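Asks: Quick note: the sequence shown, position 158, residue 158 per the UniProt record's numbering, numbers continuous.
Don't read these hints as lab results, they were simulated from the structure. Owing to the predicted nature of the structure, the values given are computational and were not obtained by experimental measurement. Hints may contain errors.
As the list claims (entries may be wrong) - List of simulated lysine-lysine pairs, DSSO-like, C-alpha gap at most 30 Å:
| id | residue 1 | residue 2 |
| --- | --- | --- |
| 1 | Lys246 | Lys268 |
| 2 | Lys76 | Lys140 |
| 3 | Lys8 | Lys76 |
| 4 | Lys208 | Lys279 |
| 5 | Lys246 | Lys297 |
| 6 | Lys296 | Lys193 |
| 7 | Lys8 | Lys268 |
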Amino acid sequence: MSHQSGIKTSQELADLFVTAVAEGNLRVIRVSIVSESLIPDGTAEVSGSWETDFFKIQNFLEEKKPAYILYRMDTKSSAGDYEWLFLAYVPDNAKVRDKMLYASTRATLTKELGDYRFVESMYGSTTEEFTIEGYRRHLKHQKAAAPLTEREKELNEVRAAEASTNIYSSSARRSHAAGVSFPTSDDAIRALKNLGQTDRSKNLVQLKIDTAGECIELGSVTQIDVGQLSESIPTDAPRFSFFAYKYNYNGQEHDSIVFIYTCPSSSKIRERMLYSSSKASVISTGQNDCGLTIAKKFETNEVEDLTEAYLLEELHPKRETLSRGFDRPKPPGRRTHRT
């Protein structure tokens, strides 16, 4: 899940990655989630080949702290830019909240930096998996896998198309194509307007895209307890869900509407593209046309992540007493422990 959790790439990270892709002087960029933002959290420069430099990744892996590692390869794309590996390290003994945040935000990170720039992705929970030997085992396993499915071929085509349209301006800010805006059915509009009423009759409105007719239509309207949220959302197709969540927090009553975009990994490529590009328009319809005040927006591939505990943590995040900026990584054995 991410916003897939509301967490977004910082401009600092976007600028650094653009420069690194073009100039190729950095071998490793560690990315961490700090204060609801993806920030660069240490770098290592190129000093040898991609294979001989692979050990540098170990300097960025901590025993209980997840991290994303962007690793520059020596190969270049047809456009002349260096290609990269995307590595997601989520140790088993990390805090549950951190596990959920990093698991749910990785798709946001690669999408915002450009999926097409990453020639390989690898996920692991131990430092041993991120050695050159571990990476070679990963490649061996990948090669031993079955030939590309039609879905995988289609995904590669999507990435190729994205590569031809995603560019960065001279100011290093990424230019995003405008989202798709499909018409929304009257039933869906009525359901959303009812959700915004204090005397609403149902608290969960789900919208879906009619891919044939290319319009947003009402999927379902139900009344549920928060504990039934994950089981009420389909696991075999994407959905836009608006949930009115009434709860008590620290003695105060709340009535918060949250927006949830779910896109299971098994979704068809065309569905993923249509839902992803329509998301902003659907949110705008809820807010501007139906008068909804959205307290939080979520995205997830795994509906089971949508627990009451997670919603409360996101609606009422604990304030961090310390915020770490751009620090150089400590060498092994000299980690900085944070509370």
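Asks: Does each hint fit the structure? Answer for all of them.
Replies: Tested hints:
The straight-line distance between the Cα atoms of Lys246 and Lys268 is roughly 34 Å, outside the 30 Å bound, and the hint therefore fails. Using a Cα cut-off of 30 Å, the hinted pair Lys76 and Lys140 holds, with the two alpha carbons roughly 22 Å apart. For the hint linking Lys8 to Lys76, the alpha-carbon distance of about 27 Å falls within 30 Å, and the restraint holds. The straight-line distance between the Cα atoms of Lys208 and Lys279 is roughly 11 Å, inside the 30 Å bound, and the hint therefore holds.
Between Lys246 and Lys297 the alpha-carbon distance is near 16 Å, which keeps this suggested pair within the 30 Å criterion. Annotation: proposed proximity of Lys296 to Lys193 holds, straight-line Cα distance about 18 Å (limit 30 Å). A threshold of 30 Å between alpha carbons decides the hint, and for Lys8 with Lys268 the separation of about 25 Å falls inside it, so the pair holds.
The structure fails to meet hint 1 from the earlier list, while all remaining hints are met.
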